[in-house]
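*Asks:* The chain contents come next:
Number of protein chains: 2
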Amino acid sequence: MSSEQATQAAAAAAAAAASTPVEKAAPAQSKKQSKKSKKQDQQFLLKTPKGTKDWADKDMIIREAVFGSLSSLFKRHGGVTIDTPVFELREILTGKYGEDSKLIYNLEDQGGELTSLRYDLTVPFARFVACNSISNIKRFHIAKVYRRDQPAMTKGRMREFYQCDFDIAGNYDTMVPDSEILKITTEGLTGLGINDFKIKLNHRKILDGIFQACGVKDDDVRKISSAVDKLDKSPWEAVKKEMVVEKNQPEEVADKIAQKGIEEMTILADYVEAFGIEKHLSFDLSLARGLDYYTGLIYEAVTAASAPPTNASELKEKAKKETKEVEDASEYVGVGSIAAGGRYDNLVGMFSNGKSIPCVGISFGVERIFSIIKARAAKQLEKLSSSQTQVFVMAFGGGEGWNGFLKERMEVTNKLWSAGINSEFLYKAKPNIRKQFDAADKSGSQVAVILGKEEYPQGQVRVKVLGQGDDSDEGDLVKVEDLVKSVEVQAI
Amino acid sequence: MSSEQATQAAAAAAAAAASTPVEKAAPAQSKKQSKKSKKQDQQFLLKTPKGTKDWADKDMIIREAVFGSLSSLFKRHGGVTIDTPVFELREILTGKYGEDSKLIYNLEDQGGELTSLRYDLTVPFARFVACNSISNIKRFHIAKVYRRDQPAMTKGRMREFYQCDFDIAGNYDTMVPDSEILKITTEGLTGLGINDFKIKLNHRKILDGIFQACGVKDDDVRKISSAVDKLDKSPWEAVKKEMVVEKNQPEEVADKIAQKGIEEMTILADYVEAFGIEKHLSFDLSLARGLDYYTGLIYEAVTAASAPPTNASELKEKAKKETKEVEDASEYVGVGSIAAGGRYDNLVGMFSNGKSIPCVGISFGVERIFSIIKARAAKQLEKLSSSQTQVFVMAFGGGEGWNGFLKERMEVTNKLWSAGINSEFLYKAKPNIRKQFDAADKSGSQVAVILGKEEYPQGQVRVKVLGQGDDSDEGDLVKVEDLVKSVEVQAI
Numbered sequence: 387m388s389s390e391q392a393t394q395a396a397a398a399a400a401a402a403a404a405s406t407p408v409e410k411a412a413p414a415q416s417k418k419q420s421k422k423s424k425k426q427d428q429q430f431l432l433k434t435p436k437g438t439k440d441w442a443d444k445d446m447i448i449r450e451a452v453f454g455s456l457s458s459l460f461k462r463h464g465g466v467t468i469d470t471p472v473f474e475l476r477e478i479l480t481g482k483y484g485e486d487s488k489l490i491y492n493l494e495d496q497g498g499e500l501t502s503l504r505y506d507l508t509v510p511f512a513r514f515v516a517c518n519s520i521s522n523i524k525r526f527h528i529a530k531v532y533r534r535d536q537p538a539m540t541k542g543r544m545r546e547f548y549q550c551d552f553d554i555a556g557n558y559d560t561m562v563p564d565s566e567i568l569k570i571t572t573e574g575l576t577g578l579g580i581n582d583f584k585i586k587l588n589h590r591k592i593l594d595g596i597f598q599a600c601g602v603k604d605d606d607v608r609k610i611s612s613a614v615d616k617l618d619k620s621p622w623e624a625v626k627k628e629m630v631v632e633k634n635q636p637e638e639v640a641d642k643i644a645q646k647g648i649e650e651m652t653i654l655a656d657y658v659e660a661f662g663i664e665k666h667l668s669f670d671l672s673l674a675r676g677l678d679y680y681t682g683l684i685y686e687a688v689t690a691a692s693a694p695p696t697n698a699s700e701l702k703e704k705a706k707k708e709t710k711e712v713e714d715a716s717e718y719v720g721v722g723s724i725a726a727g728g729r730y731d732n733l734v735g736m737f738s739n740g741k742s743i744p745c746v747g748i749s750f751g752v753e754r755i756f757s758i759i760k761a762r763a764a765k766q767l768e769k770l771s772s773s774q775t776q777v778f779v780m781a782f783g784g785g786e787g788w789n790g791f792l793k794e795r796m797e798v799t800n801k802l803w804s805a806g807i808n809s810e811f812l813y814k815a816k817p818n819i820r821k822q823f824d825a826a827d828k829s830g831s832q833v834a835v836i837l838g839k840e841e842y843p844q845g846q847v848r849v850k851v852l853g854q855g856d857d858s859d860e861g862d863l864v865k866v867e868d869l870v871k872s873v874e875v876q877a878i
Numbered sequence: 387m388s389s390e391q392a393t394q395a396a397a398a399a400a401a402a403a404a405s406t407p408v409e410k411a412a413p414a415q416s417k418k419q420s421k422k423s424k425k426q427d428q429q430f431l432l433k434t435p436k437g438t439k440d441w442a443d444k445d446m447i448i449r450e451a452v453f454g455s456l457s458s459l460f461k462r463h464g465g466v467t468i469d470t471p472v473f474e475l476r477e478i479l480t481g482k483y484g485e486d487s488k489l490i491y492n493l494e495d496q497g498g499e500l501t502s503l504r505y506d507l508t509v510p511f512a513r514f515v516a517c518n519s520i521s522n523i524k525r526f527h528i529a530k531v532y533r534r535d536q537p538a539m540t541k542g543r544m545r546e547f548y549q550c551d552f553d554i555a556g557n558y559d560t561m562v563p564d565s566e567i568l569k570i571t572t573e574g575l576t577g578l579g580i581n582d583f584k585i586k587l588n589h590r591k592i593l594d595g596i597f598q599a600c601g602v603k604d605d606d607v608r609k610i611s612s613a614v615d616k617l618d619k620s621p622w623e624a625v626k627k628e629m630v631v632e633k634n635q636p637e638e639v640a641d642k643i644a645q646k647g648i649e650e651m652t653i654l655a656d657y658v659e660a661f662g663i664e665k666h667l668s669f670d671l672s673l674a675r676g677l678d679y680y681t682g683l684i685y686e687a688v689t690a691a692s693a694p695p696t697n698a699s700e701l702k703e704k705a706k707k708e709t710k711e712v713e714d715a716s717e718y719v720g721v722g723s724i725a726a727g728g729r730y731d732n733l734v735g736m737f738s739n740g741k742s743i744p745c746v747g748i749s750f751g752v753e754r755i756f757s758i759i760k761a762r763a764a765k766q767l768e769k770l771s772s773s774q775t776q777v778f779v780m781a782f783g784g785g786e787g788w789n790g791f792l793k794e795r796m797e798v799t800n801k802l803w804s805a806g807i808n809s810e811f812l813y814k815a816k817p818n819i820r821k822q823f824d825a826a827d828k829s830g831s832q833v834a835v836i837l838g839k840e841e842y843p844q845g846q847v848r849v850k851v852l853g854q855g856d857d858s859d860e861g862d863l864v865k866v867e868d869l870v871k872s873v874e875v876q877a878i
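Residue numbers (this note's numbering), protein chains in the order written: chain A, 387 to 878; chain B, 387 to 878.
No lab work stands behind these hints: they were computed from the structure. Given the structure is predicted, the values throughout are model-derived calculations rather than measurements. Treat the hints with care, as some may be off.
What the hints assert, rightly or not - Using C-beta positions, here's what the derived DEER-type ranges look like:
#  : chain 1 : residue 1 : chain 2 : residue 2 : range
1  : B       : A655      : A       : E768      : 15 to 25 angstroms
2  : A       : C600      : B       : E477      : 45 to 55 angstroms
3  : B       : D604      : A       : D868      : 53 to 63 angstroms
4  : A       : E874      : B       : R820      : 49 to 59 angstroms
5  : B       : S521      : A       : D856      : 28 to 38 angstroms
6  : A       : I819      : B       : G853      : 18 to 28 angstroms
7  : B       : G853      : A       : K821      : 53 to 63 angstroms
8  : A       : P843      : B       : W441      : 19 to 29 angstroms
9  : B       : A655      : A       : I819      : 50 to 60 angstroms
10 : A       : D856      : B       : T480      : 51 to 61 angstroms
11 : A       : P843      : B       : D605      : 45 to 55 angstroms
For glycine and all other residues, C-beta sits at the position ideal for the given N, C-alpha and C.
Hey, can you work out the whole structure from these sequences and the hints?
*Replies:* Printed below as a string of structure tokens:
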């Protein structure tokens, strides 16, 4: 998929949409959020919980366009979608996330099973594969995950956010599904109009070999991995100090381990050439990925043009108060990373009595991708509206005996609905003309159907194209029975 | 939308889909769910939490078709979608659900704000409207809600399930948005092929008048409402005993209250005629709806042909063990109810310092609707598969020097992907012919592209239409550069 197609996808979403029916009577949420509202004796803190937010309006349109683009991509590669519960038995999640396990949200023990909100979509996927004794599947899953990140630590990361995952489970030949995952990662980003990215690659077995050579104890490998992962942000001296603890392993063992990884990377190089994606890949020994479960190839797509975290406005506000803390921006965990994943061959086995199913997958950081697209499309978005109304049905009249044609407008609108045409009318018995045009404008309707006081009783209505800036145009007079046909020509 | 269109929607979803890439190596989840799996010292109970389930395969296709049909409907009526966090500040939910508040899932107090999983989509919507100072909106929201129902009480209700809501907020003329909501309810159900339903109507003010006449104290009204709501299940005597407590209110007050409701119902009768939905409506004084927040019109769509709750298989299994409990099926809360809602004019005001925005809405019980559609479409579903693959790329060959054309298959598949064609190939270096056809079959591909040992090096491939039952047909020999064009003709 080319970037043109991505732009088209966004444009399609834009074209399909056509109004802002959310009329705000006062300033936007960010300002209102922290305002307290009083009711009787109760004090409501009127906001969403820390680290969460509402989605609406244009943000929602962009989000749906992003999800739509990625879903089509996944289907193009034979993927099927699944849905798992938002919480899992707590023991399913235990011991899968290393140090990050402390960020898991637990549900209150209200009697019965102990459960926790999912931390990612990978562990629930492995549980699903084991639960259903699946031998192979290409699945995608777009859903929210939950992490109790401390704002002080990660500066603005959301606690509820979307992940968008594609994984291939099954026993296959070395690096074949892995290379397709890299292809999907590339297509996913270019398909959304993001072309200035690199996918950093590394291999756990190469890393493990190096760690062994450095004398890192097996038990310490994952801890050290986290340290190495910071190499592009911290100076080598700091990382080395953390890494080189003791040296008591024979060098040949390390060589053997690393050798396997190097062989696989050579095979991979051949396949990614067939998929034509070499130019986006770069081998990077400093890439380690913190999670416990990776066993082979690991990768992370980064972009130079990365946008700030989604709640940038919040960050700015904070910056005013605590300038020092925010200046230290190098501590953002993974700024610039817009997709990441790897091979995890042992995770399913942890759930299925050791009978493991090898897996490899990619997770798109859709919230960050969303910010990039939003920043780039800012201008086009101004014109966007969030409803998809095509026709607004109005009544013109006044004076003695004028009843506002409410029932008549309902009947005409009903006719349009039956023909599958998105239509609205004003919920007022006697609406004035200006208010009807205002509402039509806000709804984004392209066409007005007007019931005139004299014309309608004679079986005629006017069909007027909106947004032409020509107020003198009264529209075409058509018979009520020809209305649908006439509107279908004008709207779209 | 006609039932034909609904069938078309389902058929479209069916046609778009084409395989079962989920290969099961063993029996399905239900049997496996309760099986314990042992790993090292840990004991995993390999299942989803009580009252939750995974969605996959054909269920997922039906669900997406149902959501798609309802989303189009909502957009046809000018609706926009929003998304709110899965958990809210606990105080937002407090005092909104009457007796059912005990079913709210709390998140563990891990320090910081106290939060709970949303119980429905209505209270979060009211919070959203208040938070953003919205004066009017037509919004829809399709998402999961959470209720700690005790299986012993409700027999098989899910604890995590989808709701599909459309609500209109704003100050409008009496019964105008209300009648459109009833229109949407009707279209929603007929649009899914469900035509044998009735929408029971009642008005809170008529009920309140009656209660006053009966001498029910204000504080007891909601409690009594719950009792009345059981009228279609329990004998009148039992309900009356619960209702008639004391009589000390003057009758004229009651008359006045009820009068307002009766007036509104008369206006409504006029409007629903304009929308052509009278035949589906019936006034039912026994309808009360348990929730605290309703203030005007209330309604519930019921179907004779209602299916059992979604986890029917679980119920059956239980039935074997505890026959008595399950026979008492009359206790199912709302069996037969497939959509319900009403007017709630004071809920937003509870969040916004008393400045209220009147609201009216409908919630579709999509899980129950899903069961009905699934039961009716059982036969068509047999042929369905969940992936949407169009083309399977294969290699034919063998003998000396045969390398399996893995890289070549990758290149050809890549070409198809670039043209937007959903394509797969087998992840094996040297795949055998039978296994490639099996995989193509499971993927639901309509077309095979075959790279022959002699033909491909000469720049030619075979394009063979699958599922014709004619194994002798070798397909058409085409030049590689004409492949995309040729495939586009064959696949759809």
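*Asks:* Against each hint, give a clear statement of whether it holds in the structure.
*Replies:* A quick look at each hint next to the structure:
1. A655(B) with E768(A): 15 to 25 angstroms: Between A655(B) and E768(A), where Cβ atoms are some 45 angstroms apart, the hint is violated.
2. C600(A) with E477(B): 45 to 55 angstroms: 53 angstroms, holds
3. D604(B) with D868(A): 53 to 63 angstroms: The hint (53 to 63 angstroms, Cβ to Cβ) holds, given that D604(B) and D868(A) are roughly 56 angstroms apart.
4. E874(A) with R820(B): 49 to 59 angstroms: At roughly 51 angstroms between Cβ atoms, R820(B) and E874(A) fall inside 49 to 59 angstroms, so the hint holds.
5. S521(B) with D856(A): 28 to 38 angstroms: Roughly 30 angstroms apart at Cβ, these two residues keep to the hinted range, so it holds.
6. I819(A) with G853(B): 18 to 28 angstroms: 60 angstroms, violated
7. G853(B) with K821(A): 53 to 63 angstroms: Once the Cβ atoms are compared, 58 angstroms apart, the range 53 to 63 angstroms for K821(A) and G853(B) holds.
8. P843(A) with W441(B): 19 to 29 angstroms: For W441(B) against P843(A), whose Cβ atoms are near 53 angstroms apart, the range 19 to 29 angstroms is violated.
9. A655(B) with I819(A): 50 to 60 angstroms: About 29 angstroms separates the Cβ atoms of A655(B) and I819(A), which means 50 to 60 angstroms is violated.
10. D856(A) with T480(B): 51 to 61 angstroms: 55 angstroms, holds
11. P843(A) with D605(B): 45 to 55 angstroms: Because 53 angstroms falls inside the window, the suggested range holds.
When the structure is compared with the earlier hints, violations turn up for hints 1, 6, 8 and 9 and for no others.
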